[in-house]
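Quick mapping for you: the protein sequence lines, in order, are chains A and B. The numbers in this note's numbering rise by one with no breaks, and the one at position 232 of the first sequence is 232. The numbers in this note's numbering rise by one with no breaks, and the one at position 272 of the second sequence is 272.
Don't read these hints as lab results, they were simulated from the structure. Check before you lean on any hint, since a few could be wrong.
Claimed, not checked - Not the full set, but computed from the structure, chain A residues with beta-carbon under 8 angstroms of chain B:
{"no.": "1", "residue": "Thr53"}
{"no.": "2", "residue": "Thr54"}
{"no.": "3", "residue": "Leu58"}
{"no.": "4", "residue": "Lys60"}
{"no.": "5", "residue": "Asp87"}
{"no.": "6", "residue": "Asp93"}
{"no.": "7", "residue": "Glu98"}
{"no.": "8", "residue": "His103"}
{"no.": "9", "residue": "Ile109"}
{"no.": "10", "residue": "Tyr179"}
{"no.": "11", "residue": "Arg181"}
Even for Gly, the Cβ is constructed at its ideal location relative to N, Cα and C.
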Amino acid sequence: MGGDDIIEVRDLEHAFGDFAAVRGISFTVRRGEIFSFLGPNGAGKSTTINILTTLLPLQKGAVRVAGYDVARESGEVRKAIGIVFQDDVLDRDLTVQETMEFHGRLYSIPREERRRQIDDLLRVVELEFKRDERTKNLSGGMKRRLQIARGLMTRPEVLFLDEPTQGLDPQTRMRIWDYIRQVNGAGTTIFLTTHYMEEADMLSDRIGIIDHGRIVVTGTPAELKNALGEDVVYLETDDDRRARDALSGIEEIRSVTDSTRGLSVTISADGSHCLPIIVDAVRSAGIGISSVNLKKPTMDDVFVHYTGRELRDTGA
Amino acid sequence: MAWEFLTVYWREMIRFVRFRTQLFSSLLQPALWMAFFGVAMSSNFDRFTSSIPAPAGVVPLDYLTFMAAGVIAMTTLFTSLFGGMSLLFDKNWGLMREMLASPMPRTHIMLGVSLSGMTKSFIQVSIIMAFGLLLGVQFFPGYSAARTVLSILGIFAFVAAFSLGFLLFSSAISMRLESPEGLQGIMTLLTLPLFFVSNALYPIQAFPPLLQALSIYNPLTHLVNGIRYFALGNDFFAVGARYTSSTVDVLGSFAYLAIFAAVMYLLARRTFEKAVVT
Numbered sequence: 001m002g003g004d005d006i007i008e009v010r011d012l013e014h015a016f017g018d019f020a021a022v023r024g025i026s027f028t029v030r031r032g033e034i035f036s037f038l039g040p041n042g043a044g045k046s047t048t049i050n051i052l053t054t055l056l057p058l059q060k061g062a063v064r065v066a067g068y069d070v071a072r073e074s075g076e077v078r079k080a081i082g083i084v085f086q087d088d089v090l091d092r093d094l095t096v097q098e099t100m101e102f103h104g105r106l107y108s109i110p111r112e113e114r115r116r117q118i119d120d121l122l123r124v125v126e127l128e129f130k131r132d133e134r135t136k137n138l139s140g141g142m143k144r145r146l147q148i149a150r151g152l153m154t155r156p157e158v159l160f161l162d163e164p165t166q167g168l169d170p171q172t173r174m175r176i177w178d179y180i181r182q183v184n185g186a187g188t189t190i191f192l193t194t195h196y197m198e199e200a201d202m203l204s205d206r207i208g209i210i211d212h213g214r215i216v217v218t219g220t221p222a223e224l225k226n227a228l229g230e231d232v233v234y235l236e237t238d239d240d241r242r243a244r245d246a247l248s249g250i251e252e253i254r255s256v257t258d259s260t261r262g263l264s265v266t267i268s269a270d271g272s273h274c275l276p277i278i279v280d281a282v283r284s285a286g287i288g289i290s291s292v293n294l295k296k297p298t299m300d301d302v303f304v305h306y307t308g309r310e311l312r313d314t315g316a
Numbered sequence: 001m002a003w004e005f006l007t008v009y010w011r012e013m014i015r016f017v018r019f020r021t022q023l024f025s026s027l028l029q030p031a032l033w034m035a036f037f038g039v040a041m042s043s044n045f046d047r048f049t050s051s052i053p054a055p056a057g058v059v060p061l062d063y064l065t066f067m068a069a070g071v072i073a074m075t076t077l078f079t080s081l082f083g084g085m086s087l088l089f090d091k092n093w094g095l096m097r098e099m100l101a102s103p104m105p106r107t108h109i110m111l112g113v114s115l116s117g118m119t120k121s122f123i124q125v126s127i128i129m130a131f132g133l134l135l136g137v138q139f140f141p142g143y144s145a146a147r148t149v150l151s152i153l154g155i156f157a158f159v160a161a162f163s164l165g166f167l168l169f170s171s172a173i174s175m176r177l178e179s180p181e182g183l184q185g186i187m188t189l190l191t192l193p194l195f196f197v198s199n200a201l202y203p204i205q206a207f208p209p210l211l212q213a214l215s216i217y218n219p220l221t222h223l224v225n226g227i228r229y230f231a232l233g234n235d236f237f238a239v240g241a242r243y244t245s246s247t248v249d250v251l252g253s254f255a256y257l258a259i260f261a262a263v264m265y266l267l268a269r270r271t272f273e274k275a276v277v278t
């Protein structure tokens, strides 16, 4: 294994009966990074994470996590990883303290260390005053924070987070992101799945876009967006036809089309530098401009570009 | 190192004392059997059977005392058959994944759950015996203190072997099912033949040959044999029949239950090692 790759997946396939959920994916996650799997529900994210965490048996392909083969050394893999599940996986009738205690005992963490870890982690996720509260009385955000704390208790090399902020309000989501960054900063590799563009964009060092059981592209958020290479300028002018002619000489312009918001000008270079040139060209032809709007590609655009559809159309 | 099953046991016991309704109903139910069914039936049975004289030198026992052993056995059976239920809740709430993804050997899940079920049975059995003595059950007739203690230990040993067998069975079934309703259905179906084709409430001597043969293979019959041997002695007379048993008979019954438990352990282990829960 190439020293710095903490997760290595080669030609992974997985089927449930006749349904092929994962159809031959390969990727690596580098030690210390935050890697996101972005895709709609049903894309194969959870199946992949379940195989990586040894909950599903390996059917086809090769998977190594933290240097261990998931099929032959599942015990070692389990010791090396932490998991925060998609739904709230908490015993409603145990207290916060007991939930942590139970988890620590499952991993045979010695008592002294267990107590210290529980104290430290509950402080990190700001639940130290909820210690004796039963988990059913916690808010959604607290539950998620408790599960993150629990996932970290065993000092895992890789922390798997399956849809960590699903169903949480924006403020809570941002706080969870802070915790994730903090954990990553302390040296834990993060593998997360999400169907929120923003989450993948804000949080990840690298993103793999997965759709219909295949990885369609992998790269840093910037790479993925730059690959589209298309900043778009929306122009509303007094006379669109003449404005079109005025723009015809500018080299960086790839195309000009009519849109509901006036002219839509696609440029191949950085839009912020082209914008003044475009405005000058139109003005000097004596045409008035009533509005200008520069749009940079978002992860949404990236997703549409690579999968041919919008994430929200897929029932996510 | 390999003591993680105690963790599962610890959590099961927290749940047991925390679910107040479950706790109280599980403790109250056997007492109600004794108080209503026991007292009502014994007043009838004792009238029917009083015409049959006990052979000379054999201790005659009233029906309540006879059936108290059956109620202990029945309660153990019910508690054990439904002991796997908490695994179904774990599966449905996703909690099973936390355990399956941990380094803990999977057999420890079923061991923890089964040992906690056994503990619950011990608690119930103690309550029935104490309550029974209040109602006038003549357990341990004329026993010395030492013999009483030994007899109680003997009863617990039988209850332990029997309950572990059925708890492991229930755990294995639960692991293969999707819903608590499914378990309820299967176990209710099993309860009737197990309970009635046994010597828990009446002697099997008067059964038709087929039922009699079946009852010999019923683990419940062997549990009841063990409890009666320890609680009532090796030669007594009840419900118009004389019961004698030798040490060999009792050891045979215990061996039968131990083998039953061992087979169930193997079955459950297979199920747990292959289990996939996501």
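Where does the structure disagree with the numbered hints, that is, which hint numbers, in rising order? 3, 4, 9, 10 and 11
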